[in-house]
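Enquirer: Respectively, the protein sequence lines represent chains P and V.
Residue numbering for the first sequence follows this note's numbering, starting at 1 and increasing by one per position.
Residue numbering for the second sequence follows this note's numbering, starting at 481 and increasing by one per position.
I should point out that these hints are in silico values taken from the structure, not numbers from a laboratory.
The model shown is predicted, which means the values in this text are computed figures rather than measured ones.
One or more of the hints may lead you astray.
[Said to hold, decoys possible] Covered by chain P, per the in silico footprint, the following chain V stretches (three or more residues, Cβ under 8 angstroms):
no. : segment
1   : 504–518
2   : 685–698
[Claimed, not checked] Computed list of lysine-lysine pairs in DSSO-like fashion (alpha-carbon distance at most 30 angstroms, straight line):
no. : chain 1 : residue 1 : chain 2 : residue 2
3   : P       : Lys280    : P       : Lys338
4   : P       : Lys428    : V       : Lys519
5   : V       : Lys519    : P       : Lys370
6   : V       : Lys633    : V       : Lys519
7   : V       : Lys666    : V       : Lys633
8   : V       : Lys728    : P       : Lys428
9   : V       : Lys656    : V       : Lys734
10  : P       : Lys338    : P       : Lys428
11  : V       : Lys675    : V       : Lys650
[To be verified] Not close to chain P: a few residues of chain V, all C-beta gaps over 12 angstroms, as computed:
no. : residue
12  : Lys493
13  : Gly631
14  : Pro649
15  : Lys656
Beta carbons: idealized from backbone N, C-alpha and C, even for Gly.
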Amino acid sequence: MQTDNSNNDSTTPSGLRKARLAFAISAGKLAGASGRLFHIGGGTSLPGMIARRIDPNVLKSVVGGSKAKKIVITGSNGKTTTARMTAAIADAAGRSVSQNRTGSNLLQGITSVAVNFSDFFGRMESDVLLFEIDEATIPLAVPEIQPDVVVITNIFRDQLDRYGELYAVARALDEMLESLPETATILLNGNDPQVANFGRNAKAKRIFFGLETKDIGTPVPEQSADIIRCIHCNSDFTYEVAYLSHLGLYRCPECGYTLPDLDLAVTGATLAENGEGPSKITLRTPEGEMNLEIPLPGIHNIYNAVAAIGAAMAAGFPLDSVQTALSNIRTAFGRMEKIQAGDKTIYLSFVKNPTSFNLMLRLIAQHPGKKHLLLAMSHTVVDGQDFAWLWDVEFEDLVSDILDAVCSGNKTEELAMRLKYAEVSTDKISLIEDREAALDAALKQVEPGGTLYIMSGYTPTQELRRIMQKRGWVKHFWEE
Amino acid sequence: MSENKTDTGMVIKIGHLYPTLMSVAADRGNLFSIERRCKWRGIATEVEPIFVKQTPDFTKYDLILFHGGADREMEIASRDIQHKASSLREAAESNTVFLSVCAGYQLLGHYYKPFNGPELKGVGLFDMYTEGGSTRFMTHMALECKFEETGTKILVGYENHSGRTYLGPKAQPLGKVLAGWGNNGKDGVEGARYKNAFGTYTHGPVLPKNPWLTDLLIQRSLEHRYGKVKLLPLDDSTENAAHAAALKLAMEFKGTMSAIEATSWKR
Ligand SMILES: [Zn+2]
Chain P
1 MQTDNSNNDS
11 TTPSGLRKAR
21 LAFAISAGKL
31 AGASGRLFHI
41 GGGTSLPGMI
51 ARRIDPNVLK
61 SVVGGSKAKK
71 IVITGSNGKT
81 TTARMTAAIA
91 DAAGRSVSQN
101 RTGSNLLQGI
111 TSVAVNFSDF
121 FGRMESDVLL
131 FEIDEATIPL
141 AVPEIQPDVV
151 VITNIFRDQL
161 DRYGELYAVA
171 RALDEMLESL
181 PETATILLNG
191 NDPQVANFGR
201 NAKAKRIFFG
211 LETKDIGTPV
221 PEQSADIIRC
231 IHCNSDFTYE
241 VAYLSHLGLY
251 RCPECGYTLP
261 DLDLAVTGAT
271 LAENGEGPSK
281 ITLRTPEGEM
291 NLEIPLPGIH
301 NIYNAVAAIG
311 AAMAAGFPLD
321 SVQTALSNIR
331 TAFGRMEKIQ
341 AGDKTIYLSF
351 VKNPTSFNLM
361 LRLIAQHPGK
371 KHLLLAMSHT
381 VVDGQDFAWL
391 WDVEFEDLVS
401 DILDAVCSGN
411 KTEELAMRLK
421 YAEVSTDKIS
431 LIEDREAALD
441 AALKQVEPGG
451 TLYIMSGYTP
461 TQELRRIMQK
471 RGWVKHFWEE
Chain V
481 MSENKTDTGM
491 VIKIGHLYPT
501 LMSVAADRGN
511 LFSIERRCKW
521 RGIATEVEPI
531 FVKQTPDFTK
541 YDLILFHGGA
551 DREMEIASRD
561 IQHKASSLRE
571 AAESNTVFLS
581 VCAGYQLLGH
591 YYKPFNGPEL
601 KGVGLFDMYT
611 EGGSTRFMTH
621 MALECKFEET
631 GTKILVGYEN
641 HSGRTYLGPK
651 AQPLGKVLAG
661 WGNNGKDGVE
671 GARYKNAFGT
681 YTHGPVLPKN
691 PWLTDLLIQR
701 SLEHRYGKVK
711 LLPLDDSTEN
721 AAHAAALKLA
731 MEFKGTMSAI
741 EATSWKR
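Chain V with its partners taken away, still in its complex shape (with noise of 0.2 angstroms):
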């Protein structure tokens, strides 16, 4: 797997959002994933760190990562994010590619008021808002998603929230809840997507189980620099393996808060 195509001279740049402060659920397997997936296809990858205090001009990416953190981190990251604001929805409005995960996620709607503690302001780039709830989604998940390019595609993972975000008429879901509880456990749906903007609360990390997903990502990256490009098709029977494996244990575990104490002693 690791042989290289040919050069394809394109290059994609992405930038990373607090790598160290956001970064609680291993989400940079999301990373790994997109850069190894590039290089297997001969495309380069430039990344940049983006950190506290730091205000780049966002538009000049044209991928930006933000993952999740805890509660803590997630209060400096919401202050901080407040620099970068204007920017970053600049860079949304001009089809720059964007995936958010968990608090990442929340951060980038109008706010997340904690179930106790001050509300923390967001970026607006997606019109939704994020309340803290008393209990904990835990599980594993699976989404039904449709995209122009992929038709109708399973998105698989695993959701550790207690956060309920309800979308506002200008975001659409990600997609329509087959197992686990989504945004907020009521209205079916799943995740936030607007213009090339996506979030969602799948973790595991995301990227690597769905590379549909990944590659939809890079796919849309590209397009953002160079216009209409096809991507060379790759061996995912690994990928697709685990894919499998993780959704058969979203169907299993389907209904259940909490996956580990729904775990018989005998699994």
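One chain only, chain P, in its complex shape (with noise of 0.2 angstroms):
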């Protein structure tokens, strides 16, 4: 990073260096503007991108001088969804909130929030500035936030091409909270064995939030499951019960490693059955039990659901309306988001890695009848180029259910082979790169009143939605 520039500000007249503070945050508006008037890119990074090359330190000077609280939210899954549940609780709470939008959470996505938000003197009047921020990004953006809250979801196996090996990530995390001060609060997800070892030896105070219930969850972790054995000895990990992927209530038979105490704990859980409605939870707090419903679907929305609690708890927000604030909550851009188009329903979900996807065919398994699918993927700087990951992907336990597919993106091939491989019979598979002729093709093949499901990366999600708004199905995802 070329941040290393604070040394000079000493040497540099402080006029000059409001100046040129000033000059960064009104190019970086400007450009924001403009990508909103030629709709290139949804205006997320670009306003960042511009500040940061005029001025380096944009984000440090606006953050910095800010007297809101700072939360950091990071893991491989469930970013948005808990910083928009965060956002909620602070919003009931009677917070004001800034925070980086959908998926622009590199550095310049992150320094477009100090942007948009701030006035053209890099002042910013938010109460909470919550960010969602890439595992590969945290050690940049860390020391330029100083949040007083880090929230880690999970640690999946993610685009490696983008994030190199899980340790390396790992590794890097770690170090990135051993840099916290003592004032900051670590909120840690205590079911996942490497997540909750993390901080070890961090002066910041450790809190963990996790699921202890026997209601919901198998006994042994998904074949796709990325770290099943011992952090410590390396000997394979017992399971009394398996959540999500390696997510459970893991021991190490051997060194006797295992999850810490809970500070904050779901003891028990009901998931609606048909794979849409709400799930219900019963949760310990250090503040009392609370009876929750949460209003998205899955065990995944459970975890973020306790996440951005714990996130609130640690940012000193009172909880008494926490239920009103998760009620709000709807499908996060992309998440099983249900859409009307016409006489048919879609349902779009954004997936980038074996875990959500698995997620996404699980939840759509449990939708009555035989299904029409879409499936877009596309190689890009934020896709990735290595697509290996879609033969982790458990189509198999789909394709007695599936009518018909259309494979769509610049790896169209691709997702035509991963299907033929899983016995999709080669017949119903259509492949049509374009996302417009795709969508329709795939809409053509839903008789009226039935359902579209489609799973797509992140370029080709947002794209198809573009041309969603363009048809006045969808609202544009910034006005959310």
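Reconstruct the complex from the two isolated chains, following the hints.
Expert: Written as structure tokens, this is what we have:
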């Protein structure tokens, strides 16, 4: 990073420094406005990119000058929904929130928050600054943000070509946690053997969240589970319950490593049977027991809600309006988002790794009837280049339910081949690279009143959503 | 595609080494590829997972799969595989077919010396050694390969490794690098061959996109058990389209260290 210029600040006259910051912010704001005008990229990264070119310290200056509580949410899966829930809880507690937008969680996107939410002099009024940040960007972003609360949701195998190996990511995160001051709080998922071990030598306070109920889950982790060996002695863990991939109640038979005492623990849970409806949970907190209804389906959303409650608690927000806040949460952009397309229904899901893909497939499998699918993947900067992980997705489980599948994006052939080897009959598979043509073809196969399930990577999800917005089926995502 | 041909009565016995320990890059796609292409031809497959602490007689298998893993998994595998090494070498000498990928490939050599960390001992099945480099090759790859059964063929895949592998006189390369970096980025070759044992850095996984290689492995596995066979041809239009797309990418990204860093924002 080129942020080492901070040392030069003392030698630069402060007037000049302020002028540079103001110039950086106005240029960023202008870039954002024209980006929106010309409909490029949703204006989420551009303001930050431009502003950083002019003043590499822009993020540090604006965030450092703000009195807001700074919350950083990172981890492989669930960042966006956890951030939305945290924002809703803060909002219900009367706090004003500034946060970065869906997917714009690389350094430019984070800086865009500073640019968009501050005035031209870099002053920010918000009570809460909420950042969702990719694991890979964390080591660069945290020194600039100096967060009060850091939440780590989980660490799953992600795009290996972007993040390097799992353990390298874990080491970098651990180093970041050790750099935090003792006034900070670290919120960790205790059900993740690797995450629960983070920050052992950190000065900051650690609190743990997770599930400890036997109402849900399976006896052993699923096939694609990433970390099922002890992080201390490499023996295979035994599981009392596995909730989601490698998340669960684990214990090492050799050295005894097991999950820590949970500060926020789900002690009872009921999932909706149709794969759509709300989950009901009982949550033990240091402030007493809460019975909550989480409107979004699936175990992953229980984790998201509990992480958000933990973040709010760590930031010192009152928890009495948590239920109201959660009830108002709609599905995040592209997370089994229900869209009405004339007389047909679309469920749009954004998937980026085997865990998120398998989750969506499992939810879809619970919907009654045979399924029409549209799958879209593209290789781009944000989506990655290596799609080997598609072979860790359990398409095999859904095959008997598939009526037809349209494959799209510039990874069309790869997707079609993956389906063929899951033994989806090739006459049910069509390859249409163009996103709009693929959407039309997929919808054409759906009977009136029927449903289309779309599962797509980040860029194709944005593209498909833009097409649907043009047709008036969804709102533009930055207006939500 | 899923209609099954008449049962040929033939079977391939597959040993899948460390199926959970060494499975980092979705390489189970290689197994899927072999299983389906056998099934579509009426050939049965029996797959035995082989875990840490198990020491079967490896000469009983026709085909052995050994895939990639991260450094920590590789350490465990390196220690454990010493108890399996002599039987694995014996299997290779008696023409059992091997497909080894990435860390699995490296561990079939004499040793792997990480960039920092102690040396990991290998099996010595391939006459080669690997040393960790300070940079990583992470890009699309294309190779030119030549086999008696297939003639000249192009192999496509994705490489993601920091290890630099150097072949000794008893190992032949798998192919000549057309795009990408291969064994060490210097000598222009990729992978290793010894008798029916193959090693490669290509994943993606490698077999689905390269049906010709899958079929070569199947054919040699059958011949290991039954003598000369001829495989029924399959409709490979889906696979060939994926192969063509991967080859196009390899050529587009030729010369780049990291495909993701070389991707422009506009793509
Ligand atoms: Zn242990």
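Enquirer: If a hint holds in the structure, say so; if it does not, say that too.
Expert: Right, here's what the structure says about each hint:
Judged by the Cβ-Cβ criterion of 8 angstroms, the segment 504–518 of chain V is covered by chain P as claimed, because 9 of its residues qualify and three suffice. Figure legend: the segment 685–698 of chain V, annotated as covered by chain P; annotation consistent (3 residues with Cβ-Cβ distances under 8 angstroms, at least 3 required). Of the supplied pair hints, the one linking Lys280 (chain P) and Lys338 (chain P) holds, its CA atoms being roughly 21 angstroms apart against a limit of 30 angstroms. Proposed proximity of Lys428 (chain P) and Lys519 (chain V) is supported: the alpha carbons are some 20 angstroms apart, at most 30 angstroms.
Restraint check for Lys519 (chain V) and Lys370 (chain P): satisfied, since their Cα atoms lie roughly 26 angstroms apart, inside the 30 angstroms limit. A C-alpha spacing of about 24 angstroms is found between Lys633 (chain V) and Lys519 (chain V), which places the hinted pair at or below 30 angstroms, so the restraint holds. Pair hint Lys666 (chain V) plus Lys633 (chain V) holds up; C-alpha atoms about 22 angstroms apart against a cutoff of 30 angstroms. With a CA separation close to 26 angstroms, the supplied pair Lys728 (chain V) and Lys428 (chain P) stays within the 30 angstroms bound.
The suggested pairing of Lys656 (chain V) with Lys734 (chain V) holds, with an alpha-carbon distance near 14 angstroms, which does not exceed 30 angstroms. Taking the CA atoms of Lys338 (chain P) and Lys428 (chain P), the gap is about 24 angstroms. The hint holds against a cut of 30 angstroms. Simply put, Lys675 (chain V) and Lys650 (chain V) have alpha-carbon atoms about 10 angstroms apart, close enough for the 30 angstroms limit, and the pair holds. With a cut of 12 angstroms on Cβ distances, Lys493 (chain V) stays outside the contact zone with chain P, its closest approach being about 21 angstroms.
Listed as a non-interface residue, Gly631 (chain V) keeps its Cβ farther than 12 angstroms from every Cβ of chain P; the least gap is roughly 23 angstroms. Non-interface call for Pro649 (chain V) relative to chain P: holds, since the shortest CB-CB distance, roughly 33 angstroms, exceeds 12 angstroms. Distance to chain P confirms Lys656 (chain V) as a non-interface residue, since its nearest Cβ pair spans about 23 angstroms, more than 12 angstroms.
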